[in-house]
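Trainee: From just these sequences and the hints, can you work out the full model?
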Amino acid sequence: MGSCENSEGLIVEDSKLDMSLFSQTYTIDDEGCCVLKGAKPITRGEVQSKVLNYGWKSIATYEVLANGKLSKEEFWKDMVGGSPTHYWFESSQQLVQYFYMDAKPAFCFRNVSWSYDATKGFILCGNDKSATVDQYKQILKLVESDGRTLMYTIQKIATISDGDNDYKPVYAMIVYKRLTDDELKKMQESYNYDLNADNSVPDNSKF
14 MGSCENSEGL IVEDSKLDMS LFSQTYTIDD EGCCVLKGAK PITRGEVQSK
64 VLNYGWKSIA TYEVLANGKL SKEEFWKDMV GGSPTHYWFE SSQQLVQYFY
114 MDAKPAFCFR NVSWSYDATK GFILCGNDKS ATVDQYKQIL KLVESDGRTL
164 MYTIQKIATI SDGDNDYKPV YAMIVYKRLT DDELKKMQES YNYDLNADNS
214 VPDNSKF
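Positions 14 to 220 (my numbering) are the ones given, in order, by the sequence shown.
Hints may be right or wrong, so weigh each one.
[What the hints assert, rightly or not] Below, simulated BS3-like cross-link-like pairs (lysine-lysine); rule was C-alpha separation at most 27 Å, straight line:
(1) K70 x K117
(2) K29 x K199
(3) K63 x K199
(4) K50 x K82
[To be verified] Distance ranges between label pairs, derived from CB positions:
(5) G58 x D194: 20 to 30 Å
(6) T38 x S126: 28 to 38 Å
(7) A116 x T40: 26 to 36 Å
(8) D43 x K117: 31 to 41 Å
Keep in mind that the hints were calculated from the coordinates and are not lab data. Positions of the beta carbon are idealized from the N, C-alpha and C atoms, including for glycine.
Mentor: Next up, the structure:
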């Protein structure tokens, strides 16, 4: 995974990214979610027609900095441990997550419930007992161009130590590329360790 920047902006996997999102300022709401205030929520109909039943590969991750702006450096570049998470929105209530887990080590998949809050424009992943900040992905944009569909989201991706015996959340904008049926099949074949049958892994063990 990697991106390059030229006079036209950032390009990832031959897809030119929407640079207008890098000029925005992202803020924390009352529930601790980092959001783009004023963003018009994607309609439920668009989510059903463009997101549901498709696989989505994370192709770029840009951290939200302390000033509320996005870094232009790929978050996972040179990162040791952890990995981005990819998705298949299998049905209107269940999705499948695909990610690499160092603790196994293995390329894993797991079924998770999900819903869509059309008022806030949030995809919510996980059970109702989890805090919203640990479930949400605010859809910033769904863009179809040159035969590709990209979904931009802002979300919490990790919790890290701040060095003072306390912890702080890490937020980022993630760019997902919608997969073809063949691409989804290849991903399913690669991520083949079933965590649904593995009770030793806690629900919050991944990003």
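Trainee: Hint by hint, say whether it matches the structure.
Mentor: Here is how each hint holds up against the structure:
1. K70 x K117: Status holds; Cα separation ~22 Å.
2. K29 x K199: 24 Å, holds
3. K63 x K199: 21 Å, holds
4. K50 x K82: OK: K50 and K82 at ~13 Å, within 27 Å.
5. G58 x D194: 20 to 30 Å: 22 Å, holds
6. T38 x S126: 28 to 38 Å: 32 Å, holds
7. A116 x T40: 26 to 36 Å: 34 Å, holds
8. D43 x K117: 31 to 41 Å: 37 Å, holds
In this structure, none of the earlier numbered hints is contradicted; all agree with it.
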